[in-house]
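Undergrad: The residues making up each chain are set out below.
2 protein chains.
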Amino acid sequence: MTDLLDHLRTAVGDAHVLTADPDVAAYVVDWTGMYAGRALAVVRPGSTAEVAAVVAACHEAGVAIVPQGGNTGLVGGGVPDASGEAVVLSLGRMRTVRAVDPVAGTITVDAGVVLADVHAAAADAGRLFPMSLGSEGSCTIGGNLATNAGGTAVLRYGMTRELVLGLEVVLPDGRVWDGLRGLRKDNTGYDLTQLFVGSEGTLGVITGAVLRLFPATPRHATAWVAVASVEAAVSLLGVAQSRAGAHLSTFEIANRQAVDLVLAHLPGATDPLAEPSDWYVLVELAGAATEEGLDDALEAILGEGVEAGLVADAAIAGSPAQRSALWALREGISEAQKVEGATLKHDVTLPIADLAAWATAMAPVLEEVLPGVRPVTYGHVGDGNLHYNVSAPVLDGKGRDAELLAAAPDLSRAIYDSVAAGHGSISAEHGLGRSKAVAGSSYKSGVEVDLMRAVKHALDPRGLMNPGVLLP
Amino acid sequence: MTDLLDHLRTAVGDAHVLTADPDVAAYVVDWTGMYAGRALAVVRPGSTAEVAAVVAACHEAGVAIVPQGGNTGLVGGGVPDASGEAVVLSLGRMRTVRAVDPVAGTITVDAGVVLADVHAAAADAGRLFPMSLGSEGSCTIGGNLATNAGGTAVLRYGMTRELVLGLEVVLPDGRVWDGLRGLRKDNTGYDLTQLFVGSEGTLGVITGAVLRLFPATPRHATAWVAVASVEAAVSLLGVAQSRAGAHLSTFEIANRQAVDLVLAHLPGATDPLAEPSDWYVLVELAGAATEEGLDDALEAILGEGVEAGLVADAAIAGSPAQRSALWALREGISEAQKVEGATLKHDVTLPIADLAAWATAMAPVLEEVLPGVRPVTYGHVGDGNLHYNVSAPVLDGKGRDAELLAAAPDLSRAIYDSVAAGHGSISAEHGLGRSKAVAGSSYKSGVEVDLMRAVKHALDPRGLMNPGVLLP
Chain A
1 MTDLLDHLRT
11 AVGDAHVLTA
21 DPDVAAYVVD
31 WTGMYAGRAL
41 AVVRPGSTAE
51 VAAVVAACHE
61 AGVAIVPQGG
71 NTGLVGGGVP
81 DASGEAVVLS
91 LGRMRTVRAV
101 DPVAGTITVD
111 AGVVLADVHA
121 AAADAGRLFP
131 MSLGSEGSCT
141 IGGNLATNAG
151 GTAVLRYGMT
161 RELVLGLEVV
171 LPDGRVWDGL
181 RGLRKDNTGY
191 DLTQLFVGSE
201 GTLGVITGAV
211 LRLFPATPRH
221 ATAWVAVASV
231 EAAVSLLGVA
241 QSRAGAHLST
251 FEIANRQAVD
261 LVLAHLPGAT
271 DPLAEPSDWY
281 VLVELAGAAT
291 EEGLDDALEA
301 ILGEGVEAGL
311 VADAAIAGSP
321 AQRSALWALR
331 EGISEAQKVE
341 GATLKHDVTL
351 PIADLAAWAT
361 AMAPVLEEVL
371 PGVRPVTYGH
381 VGDGNLHYNV
391 SAPVLDGKGR
401 DAELLAAAPD
411 LSRAIYDSVA
421 AGHGSISAEH
431 GLGRSKAVAG
441 SSYKSGVEVD
451 LMRAVKHALD
461 PRGLMNPGVL
471 LP
Chain B
1 MTDLLDHLRT
11 AVGDAHVLTA
21 DPDVAAYVVD
31 WTGMYAGRAL
41 AVVRPGSTAE
51 VAAVVAACHE
61 AGVAIVPQGG
71 NTGLVGGGVP
81 DASGEAVVLS
91 LGRMRTVRAV
101 DPVAGTITVD
111 AGVVLADVHA
121 AAADAGRLFP
131 MSLGSEGSCT
141 IGGNLATNAG
151 GTAVLRYGMT
161 RELVLGLEVV
171 LPDGRVWDGL
181 RGLRKDNTGY
191 DLTQLFVGSE
201 GTLGVITGAV
211 LRLFPATPRH
221 ATAWVAVASV
231 EAAVSLLGVA
241 QSRAGAHLST
251 FEIANRQAVD
261 LVLAHLPGAT
271 DPLAEPSDWY
281 VLVELAGAAT
291 EEGLDDALEA
301 ILGEGVEAGL
311 VADAAIAGSP
321 AQRSALWALR
331 EGISEAQKVE
341 GATLKHDVTL
351 PIADLAAWAT
361 AMAPVLEEVL
371 PGVRPVTYGH
381 VGDGNLHYNV
391 SAPVLDGKGR
401 DAELLAAAPD
411 LSRAIYDSVA
421 AGHGSISAEH
431 GLGRSKAVAG
441 SSYKSGVEVD
451 LMRAVKHALD
461 PRGLMNPGVL
471 LP
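Chains as they are written, first to last, in the UniProt record's numbering: chain A, 1 to 472; chain B, 1 to 472.
Everything labelled a hint here was simulated from the structure, so no lab data went into it. Just so you know, not all the hints are guaranteed correct.
Copies of one chain are not kept apart here, so a pair can be met inside one copy or by any two copies together.
Stated by the list, open to error - Here are the simulated SDA-like cross-link-like pairs (lysine to any residue), alpha carbons at most 25 Å apart as the crow flies: (1) Lys444 / Asp173; (2) Lys444 / Ala454; (3) Lys444 / Asp3; (4) Lys456 / Glu162; (5) Lys444 / Arg98; (6) Lys456 / Arg161; (7) Lys345 / Ser441.
Fair warning: this is a prediction, and the values are worked out from it, not measured in the lab.
Only chain A is shown next, with the shape it has when bound in the complex:
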């Protein structure tokens, strides 16, 4: 391995091959703290050519590679296992916005550009890059692409795979595929771009991308709405879609437990409504500067919601600051949960029509597995996607984290079995990573697993790209 390390140092410079424990520490533990591994080295190339040289050297040495972006993943897909035999390839130094073309509606970026910086570059050109996540200040676009990230704008703009036009990828043998085309339409063969999106670093290393930009939507109408149930939320979604389908950009749900955590742990968070409610919806319409009538449309939605008995109360943002405060109640949940203590994260999709019944039926099942367990439920109801997270029971004012972790396999299995029986997905937007690779395959047919293995073997015959992730 000394040979390989020498090769890597030659490829990227001594300063960018990290091997000392304190230097490596931040790269081998994931954001949740649930996955901690070891690495032969952490390599930080500064260009596509350097990535190619690193991958070629590892290929020759038969050493596995774990690509890593902002290390904000929630399923352990960007950190190495405990063997210490893999190289972590961090894209963090590749942070150049290569080009912005507002007429074509494209932006071309290095994989290591932070999502918030993509937003800023688009805004500077008078355009919108709509993908929006809680971690947007630190996640990278390469990681978003590798995991097909979702977020709060999927309802209107789609998942990451719908926002990308072309990719640059270093293949497992070190060759570079230049698929950086900025064309909306290109039917000249298999869609290799879509094959790499969501492949979680198991087929190659994404080093650059051409992304779609959209007309800016500087006008917003935003409300925080108290609803009685998931069912009421789903019905209100129907109202919003028929009254403002083209402008509806956000329709998020959170239960009271989730909001309580934000109010308890995030400085400055306040409840905008007088009375507590079991469930809340964050609804937002967005439009161009010349598009008027958003406020009227929002009021019509809420008015119809009140009349139909779906809406108990609502706070409408009257200023950008108020809008930010409402958004903070939703976006702060993940962080607040981390402060609260151990959490079992589940990220499930159900057919929207079944979402309410599923959530209602699930709680007592979990209570039976672990009495006192607290479902902290929130997510993207417009997409049928709930983050059905589970916090520890509280006894004598203390969270029983150890009990939660001991019951974790049973709790997760109960949830996944129920999701599978309901024709849902056990990972809506987080991917499979290490934490769900086995479960992911176990809920698929043999034919489907065979197909995935055939694709993997075709592109990475030596199995060196992020082994143990996505496929067990």
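Position chain B relative to chain A; hints supplied.
TA: Chain B only, in chain A's frame:
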């Protein structure tokens, strides 16, 4: 081969294995008439199980399969070659709409359902399936999926691949992959659905699909607009996007030659404007029943266009009948060209910002290759996609078709070279089929062709699925 035919008859019934020339004729010649082949047999299975039995029998016999939908393709991708050794597998009997779920926004269909029937089933449920093509009365959804069809609604709703959630596919060995999931979000592995979409029958046979439905848009505001140039059209597109981005559903272009053909050949077609113009744009806004202001927005777009010198004149549809008449001018072009005589079809994308300059520069190049040649140009300017078709020169009142066909290789090469130099695509939405398989690979890098071959070999190691199509 007698054995195989016996197997096929057992699988689907004697009546659905066609071998006599008159029975087979319609299945071995494509819509353009440019591709005429021969077949060992035409097999018309009535169910997924029957498709699987047919494919398994062919796999065992080592016989190639050409899947066929409505046989409306424009690149010879759905008809067999001249060898007479392949079986044509027609999906035309599989025409069941399996399920419609207006709450989830999904429709599940057999591959052989005609596109217009998908529209009708969606409309019956108060929803919209937006894909719209000139051939929608006869093309099948399976063919649309296999070719990743485009059409006039791509601007707002995307290509076919953006409209599909899940697929059922019979694999080359006869196994069935059931990927019929109706979930908007499902990050549990490689996106096999997107791999099959656009693969032109070379990786398997699509037998069923779950498609996305959208809120119905019964309100329309439609105009036929005279503009001076492609450049003016692109500028007007910018105006339309900033004034009505969320409602803009159509932005199509046609040159005068194209419109002249429609006026000459289609019964009842009339020019809605007093003065002829070199270029026209069909622009349409669409909205829900409760969304008002579309007419005002359209007038604002046209007003700004007139003020900026982009718009010379415009006809606004005042009734559904008038709307249909304006649409007929655009949708009739392909049919009118067929009546006119031989046409070289090209379906190219350029970066939108370069579209005008490219079209301006191309005409004299073609004139040099074949004096008098007539570019009949139309297409989806909002997507950067032109159907840059070429009709024969006219001498003494007669189209010189033979001259056009003799010059075809040189004309097409000039166009493709120019598109490739301009970072465009030589097939925006029609696919590669037989007619562009060689050209498609020749404009790609060796790395990209290797990747495509690796995927093909992984899924169809014996090379029996639609050989000669997509990859040479």
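Undergrad: Next, verify each hint and record whether it holds.
TA: Checked hints:
Taking identical chains as interchangeable, the C-alpha atoms of Lys444 and Asp173 lie at most 25 Å apart only when they sit on different chains, with a minimum of 19 Å there against 29 Å within one chain. In this assembly of identical chains, Lys444 and Ala454 lie within 25 Å of each other by CA distance both inside one copy and across copies; the values are 15 Å within and 24 Å between. Taking the shortest alpha-carbon separations for Lys444 and Asp3, neither the intra-copy value of 41 Å nor the inter-copy value of 36 Å comes in at or below 25 Å. Taking identical chains as interchangeable, the C-alpha atoms of Lys456 and Glu162 lie at most 25 Å apart whether they share a chain (22 Å) or sit on different chains (24 Å).
In the homo-oligomer, the alpha carbons of Lys444 and Arg98 lie at most 25 Å apart only across protomers (22 Å), although the nearest pairing inside one protomer, at 39 Å, exceeds that limit. Taking the shortest Cα distances, Lys456 and Arg161 sit within 25 Å of each other both inside one copy (19 Å) and across copies (22 Å). Taking CA atoms no more than 25 Å apart as the test, Lys345 paired with Ser441 passes inside one copy only; the shortest distance there is 19 Å, against 45 Å between copies.
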